[in-house]
Amino acid sequence: MKKQIELIRNIGISAHIDSGKTTLTERILYYTNRIHAIHDVKGKDGVGATMDSMELEKERGITIASAATFCKWKNHEINIIDTPGHVDFTIEVERSLRVLDGGILVLCSVGGVQSQSMTVDQQMKRYKVPCVAFINKCDRSGANPSRVIQQLREKLGHNAIPVQIPIGLEANFIGVIDLISMKAIYFDGDNGEKVRIEKIPAELMAQAEETREKLVDAASIFSDELTEAILEEKEISEPLLISAIRTGTLTRKMTPVFMGSAYKNKGIQPLLDAVTAYLPCPMDVENLALDMDNDEKPVILSYGEKDPVVALAFKLEDGAYGQLTYIRLYQGTLAKGDTIINIRSGRKIKVGRLARMHANQMEEIESIPPGFIGALFGVDCASGDTFVSPGLNLTMTSMYVPEPVISLAIVPKDNKAQINMSKALNRFTKEDPTFKTHVNEETMETIISGMGELHLEVYIERMRREYNAEVTTGKPRVAYRETITQMAEFNYIHKKQTGGSGQYGRVAGYIEPISDQEFVFENKVVGASIPTQYIAACEKGFKNCLQKGPRMGFPVTGIKVVLNDGSSHAVDSSDMAFQAAARGGFLEGYRKAKPVILEPIMKVVVEAPTEFQGGAMGSLNQRRGMIVGSQDEGHMCSIEAHVPLAEMFGYSTVLRSLTQGKAQFTMEFSSYKPVPKNVEEDLIKKVAEGKKHVA
Amino acid sequence: MNTIKRRCTGSTPVGLLNADQHCQNNIIYFRERNLDMLKKDLILRNPLRLIEHETEDILPEGGFGAVLSRAGIGKTAFIVQLALNNILRDKNVLHISLADPVNKVSLWYEETLRNIALLYDIKPIDKLYEAILAHRLIMTFQVGGFSVPKLAERLSDITEQNIFRPQMMLIDGLPFDDTTYDSLSELKVFAKQHGLHVWVTIRTHRHENESPDGLPLQFTGVSDLFEVAIQLQPEGEQIHVNLLKGKSIATSNTQFFLDPATMLIKDSM
Chain A
1 MKKQIELIRN
11 IGISAHIDSG
21 KTTLTERILY
31 YTNRIHAIHD
41 VKGKDGVGAT
51 MDSMELEKER
61 GITIASAATF
71 CKWKNHEINI
81 IDTPGHVDFT
91 IEVERSLRVL
101 DGGILVLCSV
111 GGVQSQSMTV
121 DQQMKRYKVP
131 CVAFINKCDR
141 SGANPSRVIQ
151 QLREKLGHNA
161 IPVQIPIGLE
171 ANFIGVIDLI
181 SMKAIYFDGD
191 NGEKVRIEKI
201 PAELMAQAEE
211 TREKLVDAAS
221 IFSDELTEAI
231 LEEKEISEPL
241 LISAIRTGTL
251 TRKMTPVFMG
261 SAYKNKGIQP
271 LLDAVTAYLP
281 CPMDVENLAL
291 DMDNDEKPVI
301 LSYGEKDPVV
311 ALAFKLEDGA
321 YGQLTYIRLY
331 QGTLAKGDTI
341 INIRSGRKIK
351 VGRLARMHAN
361 QMEEIESIPP
371 GFIGALFGVD
381 CASGDTFVSP
391 GLNLTMTSMY
401 VPEPVISLAI
411 VPKDNKAQIN
421 MSKALNRFTK
431 EDPTFKTHVN
441 EETMETIISG
451 MGELHLEVYI
461 ERMRREYNAE
471 VTTGKPRVAY
481 RETITQMAEF
491 NYIHKKQTGG
501 SGQYGRVAGY
511 IEPISDQEFV
521 FENKVVGASI
531 PTQYIAACEK
541 GFKNCLQKGP
551 RMGFPVTGIK
561 VVLNDGSSHA
571 VDSSDMAFQA
581 AARGGFLEGY
591 RKAKPVILEP
601 IMKVVVEAPT
611 EFQGGAMGSL
621 NQRRGMIVGS
631 QDEGHMCSIE
641 AHVPLAEMFG
651 YSTVLRSLTQ
661 GKAQFTMEFS
671 SYKPVPKNVE
681 EDLIKKVAEG
691 KKHVA
Chain B
1001 MNTIKRRCTG
1011 STPVGLLNAD
1021 QHCQNNIIYF
1031 RERNLDMLKK
1041 DLILRNPLRL
1051 IEHETEDILP
1061 EGGFGAVLSR
1071 AGIGKTAFIV
1081 QLALNNILRD
1091 KNVLHISLAD
1101 PVNKVSLWYE
1111 ETLRNIALLY
1121 DIKPIDKLYE
1131 AILAHRLIMT
1141 FQVGGFSVPK
1151 LAERLSDITE
1161 QNIFRPQMML
1171 IDGLPFDDTT
1181 YDSLSELKVF
1191 AKQHGLHVWV
1201 TIRTHRHENE
1211 SPDGLPLQFT
1221 GVSDLFEVAI
1231 QLQPEGEQIH
1241 VNLLKGKSIA
1251 TSNTQFFLDP
1261 ATMLIKDSM
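Top to bottom, those sequences are chains A and B. Residue numbers are given in the numbering used here: position 388 of the first sequence equals residue 388, and the series is strictly consecutive. Count along the second sequence from 1, then add 1000; that gives the number in the numbering used here.
Source of the hints: derived by calculation from the structure; they are not laboratory data. Be aware that a few hints might be false.
[To be verified] Mimicking EDC-like on lysine to aspartate or glutamate, the simulated pairs with C-alpha atoms at most 20 Å apart in a straight line are:
#1 K673/A - D1126/B
#2 K1127/B - E512/A
#3 K1104/B - E633/A
#4 K1127/B - D516/A
#5 K677/A - E1130/B
Note that this is a predicted model, so its numbers are computed, not measured.
Construct the complete structure from the given sequences, taking the supplied hints into account.
So, in structure tokens, the structure goes:
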């Protein structure tokens, strides 16, 4: 493996779905001789693109898991993480960005800056990932790179500066003009592998000169030398201009824009040149770890080859050889036979096989140098774990993990499926921190939660295909609760004297609502009207009533029981009798205390372009949502509302269709609130129907 | 009236509400009060009723009121109390902020209501807060992005769909410069069309002198558009609430203050 860290590039390719990321990666691998044939994403040859290694991805034409791969271009080693473009797989994008040094932001020359481009751009900003933009699909009808550049500036706030201009557009797109060398570049051969450099066509000369002038002007901000050269009207050398653009790019104050058509094999080689010229090597990026021994004080990592190892596991995959753990080395060199420690579990690990990946093929290696991305075999860990050399106690800054927004109940079809399902769930939750699972204690169903309907759908599909676990899915049941709204008294005698030993117990007191606790029991009995030994039985009796509310069978919360009187019988009273009396007393008081059904209310924030604000608000309103406010943020707005969870299922699809896929929403639990009367009536009907079915 | 008020302010469960006969005949315990009673109680206890009449607003429909002060004195707290006073009377308030995000504005309401509840010993504050939420909508704009046509567009979005129909509008953080008069005039027409009562905060500056008529410089150019102007003036440890323009307070001898600790309006030191 190359040891020169300056020649390493860890890059990601991020963009909106269907912008052509996977096709672009495929072409990059082809031109860097990693693959010898090109397969399209939805190709007729049925092979699928190399990066879409999962069967499901090939079928749907989307990239689900980020496959890591590496290639060489002009002495540089480039590690590429192909990231999914769908909003439901955002954690994959986030994870990739966490370990990357630079990115290619792929934009469709027809679609321009779409909602997902905004999301990935925000993620890039969060992790301060410098990027170059690539305007793809310049051969498509309606292609307009200038408009996309304008959108990059206006919608994403990038200082987007074209470094190329297209030669022809749509069907006439034949190449690009490089504004640095001021040469026309054409792509010949069956797969565009032969780069032909020519003079700029005369008709485009004026446009090229004008655009170059703007480029030089924009770059001059980042280089005094360049500014001087401009002022002294000296000739501007290529290295000088490249160096200025690089400085601007690394500080994220400038985004050089390239263009081409991956599908038509045009513009890829200059983009690779740009990756090596403008994007950072690992040493250009300052990475911090937290010192666990020193109050989590940030520590700058060194990238020294001989320093102790600090590595981050950013992705897990279950392969034929066990768990494959993708790691990024931040410091030190990880070699076969080394001992490292997983900071989270404290477990020592002996490094066995090491590999670097090329989508679903792998190449065994002896060591992973600092700044590199590689993989470990057979290491039991979770995604996001930090590995260090013994003696160190550093952890990489925790990754931002969004809370799941949607849940679904799943039921295995048979016993075999049950076993496989638990295996699959165990694996998925380790691989993907946004995918969570739990067993609902009330319904005893397995509930899976994730970032969107498609997210969960894909996991269900994966369970079926990879683990042979057939499951049926249901609409998740909303966790309703019951409570009372006013104080009510009870005075109940439990008396049973029909054969055998008798039962006697009387309880009296009142129940009242409380807001901050689930259940409070207060004993105010004086004069031993209820003997002390039966008080615990009374409490137990009341408590048992809470599990299944008398009104609709939902758990009862927020209730205080005060016991202030009662009576007992010397022979017939028992724990059982007082438990039964408490149950009777509870039912008596509960009926009088105006019980209501509570439902979970979610805080929903919708982010949408301003033109869709009205529609988005209307959609929330229709779902019994109460709009708290709207925030205008230039082209985008965010709307905050409180909406019942029961109304939110299927909302992502509705919102997408309502806003042409340009809006997204987040949702988190806010509080429990009483269900409106009409909804309660519907619920009662549903519960009654459910009981009928059971009967 | 004063007697009733004093008797109502105990923490013991006395049921003195909005009418004398209730005070005399019925005892209603705190825990049995419903939200309407709580609201009425709060309206009665609120010193703002002396500024805003109990049954009618200080501003006519389409009328403008201004709250002026230097930065950090309590303009937002003051207008939030104006809003709460209206919300308690089941009027819909649209709060427009050009300075703070939605969460922060929400926090102002929560804090102010909590302070009021603490002052008057009102317990089910959560329920009360939930009840007022339905009558309040917050909209925030970037300063440069706010314009009357834009506001009209946003408002029609929500009124046409019957999401919210405001009766009172608060605008917090509007910068006052040479162009403000035109946009305020435009806003006035808009407010009249929609029957809105509009309160605007105006930030004054310490270093600027007052105009000859005693009004802050920012206000002089636009004062003809406003029916009422209230200035918050810190003097010593007190923040005085002074009426610069309008009649209602002038007829009353009461001097109002803002409590510097809670930012609540009070009518005695």
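Status of each hint after checking the structure:
For the hint pairing K673/A with D1126/B, the CA-to-CA distance comes to about 11 Å; that is within 20 Å, so the pair holds. The suggested pairing of K1127/B with E512/A holds, with an alpha-carbon distance near 16 Å, which does not exceed 20 Å. Proximity of K1104/B to E633/A is assessed by CA-CA distance (about 16 Å); at most 20 Å being required, the pair is judged to hold. Using a Cα cut-off of 20 Å, the hinted pair K1127/B and D516/A holds, with the two alpha carbons roughly 13 Å apart.
A threshold of 20 Å between alpha carbons decides the hint, and for K677/A with E1130/B the separation of about 17 Å falls inside it, so the pair holds.
Checked against the numbered hints listed earlier, the structure breaks none of them; every hint is satisfied.
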